[in-house]
Amino acid sequence: MKNLAEGAILRFKYKQTQFDGIVISSANGTVNVKLNSGYNITIPVDSMDDVELRGTRKIAATEFRQESAHGGKGVGLLATGGTIASRVDYVTGAVKPVLDPAFLEDSVSNIRNFSLDMDLMEPVLSENIAPADWVEIAHRVMRLLEKNQRCIVLHGTDTMSYTASALSFMFDELTGPILFVGSQRSSDRPSSDAFLNLEASLEFSGISMGEVGIVMHRNISDHEAALHRAVRSRKMHTSRRDAFRTLGGLPMAVYSSGTVSFNEAPRPASDRILLKDRLEHKVSMVYFHPSLEADDLEQILHGRRAAIILGTGLGHVGSRLYGTIKDAVKSGVKIIMTSQCINGMVDMNVYSTGRELQSIGVIPAGSMLPEVALVKSMYLLGNYPESDFKELFLHDMRGEFNLRDRLGGDPL
Amino acid sequence: MGNYDPAAVYEKGRSRVFAYEISDNSCLVEYDEEPPHDVNNEALLKGLAVSTALNCRTVDALEYMRKIVVDGSNTSGFQRTAIISFGGWVDTSRGRVRISTVCLEEDSARKISDESAEVTYSLDRLGIPLLEIATEPDIVDGEHAVEVARQIGDIILLSGWSRRASESIRQDVNFSMGHGRVEIKGVPKLSAIRDCLSYEKDRQSSLIEISEKLGEAWKNGIKFTDVTELFAATGSKVIRRSIEAGMRVYASLLPGLSGYLKNGPYRLGRELADVAKLYGSGGIMHSDELPGYGVKDELEPLKNILKPGSDDGFFIIVSDESHIGIIGREMNSRLSKILRLDFSETRYADAMGETHYLRPLPGGERMYPETDIPIYEITSEMIAMAREIVPKTREELTAELSGKYGISKQEAMSILVNNLAGFMDEMASVTGNGKLASRLLLQVIPDLEKKASVEISMEDVKKLFNALAKRSAVKEEYERALELLILHSMPVDSIIVSPEMKHVEVDELRKAIVALFEEGVSDKNLIPRLRASVKGIFDPSTAFKIFRDISGKQN
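Protein sequences appear in the order of chains S and G.
Heads up: the first sequence at position 77 corresponds to 1536 in the numbering used here, and the numbers run straight through without jumps.
Heads up: the second sequence at position 403 corresponds to 814 in the numbering used here, and the numbers run straight through without jumps.
Isolated chain S (complex conformation):
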């Protein structure tokens, strides 16, 4: 058996040509070698000849220092995982979730002006985050806020607006900003957006405000970041670094080459923190489509306390579903109508079908985004009497309603 253990320094022949390199891994009859030229090459084990072991080296994943930056204003930094808290392992190429403060220090220009109070969670990819994690994140954020008056949360972008909206509702009162930051490119890449997004979030963290925001690139250039209100923002592109948008308006503030400018005054900070951390998990979401049948909908609604429907256009579903919806409402399920158009508001008075749905008891969510309606329902059902649901749901609690749809930035 050839000695192809990880870290073996080899000289070998492959198709009669001599190579020198170090074994990165071997599996399924192939071996991956980093050649001295820097290239990796994957070779079937049995086509390697004249293998000569010339030494071994430990292949350690890149090691990271853990001490934090110090000096200046204190900022709580909670790392939950996601691309922004990931680095490539330069040896194997695997992207692993780690937070490397020293690397951030080298790459984020203003980081030395702050003293980071770091809390590292067991890293999770954001698609794996569930409501129970929102509660844990909220408690960790609260501890950091109590010490530092401001908190930055590193989070994967995929479900970032859900988590940020959840915290937005759960914190009835806040003494300072909670800013969610993510990145669309991992920080090993010279073109990563992580550094500017972090730099901007550090600057935004100085704002006295009592709400939850999302800080991401403003456009595809590398000098502007936007602060979005969590409950009005959404990831609108799979890969662009400016994927996050404030829908129906402008972002609250923009950071551009060192300066912050506001489009809108944020909600003022309170003198205390009030956290309501109970969430009703039995809330569902349904995307209406032309072949959605009543029995399908019935199953989804079964045992739920509320359901968000993404209807067509101004807020419609096929009339074949009216019976099912009526039964659900009668049995106490809150049925909320949002639109799959994402941009614009539902208006169920324009067509008679919309009026009919309303008479059945469907609650139109207005301009509220579907994901926000979901999170808000979970929060309301968890913390308030059921009888207050409709009134509170239609009440603008955190700026989740867009009362004036402006011709703002382009919806992506």
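Rather than coming from a laboratory, the hints here were simulated on the basis of the structure.
Do not rely on the hints blindly, as some may be mistaken.
[What the hints assert, rightly or not] Straight line, CA to CA, 35 Å or less: simulated DSBU-like cross-link-like pairs of lysine-lysine:
| id | chain 1 | residue 1 | chain 2 | residue 2 |
| --- | --- | --- | --- | --- |
| 1 | S | K1474 | G | K478 |
| 2 | G | K596 | S | K1472 |
| 3 | G | K862 | S | K1474 |
| 4 | G | K748 | S | K1517 |
| 5 | S | K1517 | G | K478 |
| 6 | G | K922 | G | K862 |
| 7 | G | K803 | S | K1472 |
| 8 | S | K1517 | S | K1474 |
| 9 | G | K748 | G | K612 |
[What the hints assert, rightly or not] Distance windows between CB atoms, simulated:
| id | chain 1 | residue 1 | chain 2 | residue 2 | range |
| --- | --- | --- | --- | --- | --- |
| 10 | S | A1486 | G | A810 | 48 to 56 Å |
| 11 | G | E432 | S | M1695 | 24 to 32 Å |
| 12 | G | G626 | S | V1510 | 43 to 51 Å |
| 13 | G | A656 | S | H1696 | 36 to 44 Å |
| 14 | S | G1717 | G | D613 | 29 to 37 Å |
Here the structure is a predicted model, which is why all the values come from computation and not from measurement.
Note that CB positions come from ideal geometry on N, CA and C, so glycine has one too.
Starting from the structure of chain S, add chain G where the hints point.
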């Protein structure tokens, strides 16, 4: 692996802004706003075919790497590259030259402008499939380098797969005299390879001499003093303009370097100037060239400040305040590196074939796996397909062309090297006469172009030939029409209806020949005289027939 790449650290120090111009052929992938798509199969097959022509062995699997490139020429900050084959060779007049690897890469963005603070690239070239063919150090000298580059370039050129753009085939030339590898990037022309190798050889030889003479004498002696005030009323336009633009003038001693800066073969001044240029400096002037460039009266007060000893040189540099610190550090470290006889670095060649410092040599640390592209197996079917399209050699193509059109091998070769093969096929089918097409392309058009000193658009020629083919034109018509097009810049539509393009009636021709005969014309100057006296096209053989007819009668 925990190490910093010197080239990356260097670029970080320059902290420039990179701007990108979006082009019609670019998309989110080029903007680095979307992950890469699948490997381009056509490019891969052609790459494998070229590999076969270079006698290389194919890898079993493609494994894409990210090669960190920090000069802004890639929006992502890295270039995607994978080895597709290795272990090949080309046979040359000076022995076999081994090919180490052939890599299939993405081409970088094309630089449009380069200011000290901002570099602009166009995205029109970014991501176009590029083959990188690397040779082992088997090349003997500059002449041989040209031969090898031509031979490899031929395979690409004659395949017809390369873009028709001047920079589509580029050479990176590596050179070493035993004091570290110098990589000269992007040498555009074959002849420039020889020039820049010879330049580099002279440069390194002179540096070795300087280093031997100086020994350990150089001790990082560059320290700048702001001397802007001395130049308030300077006679140097360059300096005056720079000061007006907000720059400052700094001066420093160069202990022990007098006579090495620009003196016969010694050109240490250039090594400093190269650094200055990279940081946006307005330029340097040193003691071996002063007084000069309008600087004269400033020298005495300058010497009073610097107090140079008899061996000491000095120089002044124009720079903005923010860069002078790093310029000083870079100059000191570069001079000590050179004088320690470590010449390894990346350089570039200018149009004169002179080379200049560009950045430190990057290390193997700059490569890590591209995780967005899965490992891609190269199947035996793909290799078989590639073998079917292996580019033909020059000899094969020449024989093929000369057989097909009944032209000589020399003509066929000229068509190939002038990249006219495609045009030749088209023109031969339009005119229905390969020999004629070849003569027009290789002789008539170039001669007329030379006479008129213009370069004619091949599109116009094509249009003209198509129009002429419609009226089954003869050789003389093609020649006359090309004259009108090239010498008289007449539009194609007017040429076709021009009286000069009419066939001369036999009677008219006879009349003209009779007139000329009476003037004593001989059969040697009949045709040119006839051309001068009649407008229109005639067949010379008919003219001779008439001439013989008339002269026979007379005798």
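These are the hints, each one checked on the structure:
{"no.": "1", "hint": "K1474/S <-> K478/G", "verdict": "holds, 25 Å"}
{"no.": "2", "hint": "K596/G <-> K1472/S", "verdict": "holds, 31 Å"}
{"no.": "3", "hint": "K862/G <-> K1474/S", "verdict": "violated, 57 Å"}
{"no.": "4", "hint": "K748/G <-> K1517/S", "verdict": "holds, 32 Å"}
{"no.": "5", "hint": "K1517/S <-> K478/G", "verdict": "holds, 23 Å"}
{"no.": "6", "hint": "K922/G <-> K862/G", "verdict": "holds, 32 Å"}
{"no.": "7", "hint": "K803/G <-> K1472/S", "verdict": "holds, 30 Å"}
{"no.": "8", "hint": "K1517/S <-> K1474/S", "verdict": "holds, 28 Å"}
{"no.": "9", "hint": "K748/G <-> K612/G", "verdict": "holds, 18 Å"}
{"no.": "10", "hint": "A1486/S <-> A810/G: 48 to 56 Å", "verdict": "holds, 50 Å"}
{"no.": "11", "hint": "E432/G <-> M1695/S: 24 to 32 Å", "verdict": "holds, 25 Å"}
{"no.": "12", "hint": "G626/G <-> V1510/S: 43 to 51 Å", "verdict": "holds, 47 Å"}
{"no.": "13", "hint": "A656/G <-> H1696/S: 36 to 44 Å", "verdict": "holds, 42 Å"}
{"no.": "14", "hint": "G1717/S <-> D613/G: 29 to 37 Å", "verdict": "violated, 48 Å"}
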